[in-house]
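Enquirer: Please put together the full structure from these sequences, using the hints given.
Next come the chains, spelled out residue by residue.
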Amino acid sequence: MGFSIRATLLTLVALGSGCVTGHLLNTGRRYERPLVYHEALLTEDRLVLRYTAIETNDIGRPTGRHERQVALALADLARDDVPVDAFPVEQLSDHAVVAGRPVALRRGGATAPALCLDLDATPDGRDVGFVLQEDGRRSAPFHSVALTRSRTVPWVYPLLPLSLAADAAIDPVLFLFAPAVIGVGD
Amino acid sequence: MLRFRSTGARAIALVLAVGCVARVPPPDPSQKPFRFPEDVFAFRNETVWQYDVDPATGSIAWHERDPPPAFSLRCATLARVARQFWANARFDPDVPAVDADTYARLVQDVIDSDRRGRSPTRVVIPGYADLHSFSAAHEALVKRALAGPWQSHMQRGNWRMIFPFRPVQQRDEAERLRASVAAGWPPIVHVFRYPRITLNHFVLFYAVEQTPTELRFLAYDPNDAEQPIVVSYDRAARAFDYAATPYFPGGPVKAYEAYDGLLY
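In order, the protein sequences belong to chains U and Y. Following this note's numbering, the numbering of the first sequence begins with 1 at its first residue and continues without gaps. Following this note's numbering, the numbering of the second sequence begins with 1001 at its first residue and continues without gaps.
Hints in this document: simulated from the structure, not taken from any laboratory. Everything numeric in this text was worked out from a predicted model, so none of it was measured. Every residue, glycine too, gets a C-beta built ideally from N, C-alpha and C. Among these hints, one or two may not hold up.
[To be verified] Covered stretches of chain U (chain Y as the covering partner; in silico rule of three or more C-beta atoms under 8 Å from a C-beta of chain Y): (1) 58–71; (2) 80–90; (3) 143–149.
Expert: The following block contains the structure:
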């Protein structure tokens, strides 16, 4: 199979996700990180967490808050070798009602109840992690950033045809000028 | 098997194949790790703009300095030449100091040495223990040799900043930078925001601390000769985060290695 220079350039554009399209997607990307846990329940094999999440955009500006509910498998919480960007998290509907034993939330100081989440909170009030304690047994430390979610805001999608068309016109020109910058540079 | 028919397509494929290969030079057992402040300049790059950062809101406004700074827009040059002194020069305080003309020639030899790797021989700088003490004693001479702002403007890898980075690309970049620092080669990193350019800067990563949630890179910031800064990589968000400074409110940035390979 042969490749022409045009096909090579088009492949590069596709791989690079396009200048305009890529920046559009970055602009529309939102990150959600847990701010404060306010409820925890223990079921037979899962820990259910309800928390307030803060949402930020690609440059870190706050864009909103959300109430979220997730479930974590107790087997995963017992492990200390799961990377934070690969921790299995089951997203639950924000309004789903889950039955389970209430778990006390402990932010230092007070005597630990038999079943509690020992929370690690920063001075400005963010819960950055916890350890689940049950009858003296402690889980591995859980880092709240493992609950980081990212999404793309819906208004981006109607603009994609326009951005792709712009990329088709602009990107080949940029690629042709890039060697000039590289050649003259340094 | 893929075959590239035209010469142009072959040339593009060859440049990409060669240029995308990061060059971490083989370790030099005699090389001490990069140290702060010994291996950085005693003076700093001044910013053209006076920044007013509101730490509460993260908003930033700026206006031109009056009078304009005499030594500015050299962040890429300072980061690069600091690494060239570290990799391609050797300070020998036991050898008697020489005259200014000889120092000027030696500094030029360092500047002309390999910008992306180690030169076969090192330039010996007599009379001083390190770059910090040498550049403090010969500030004017060194500043003259560092040439104009065009070297930062024309850094070869600048083309890359206009093309967007996806989170997975930043994850791979963070891992490459970690590996480079761990292998004893301090990478020069272009940190920026684009298309709204509220940061466009070069720093040099020289140490890294790994935590379950982050990679915390200690960096030489050419705008600050007094203390290093921290650029962290958030493993969960797959994004770099630049510390708050007098010229930036702090927050997510994009980052890639500069002065690396043919394309950067």
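Enquirer: Hint by hint, say whether it matches the structure.
Expert: Against the structure, the hints come out as follows:
1. 58–71: holds (count 4)
2. 80–90: holds (count 3)
3. 143–149: It holds, with 4 qualifying residues against the three required.
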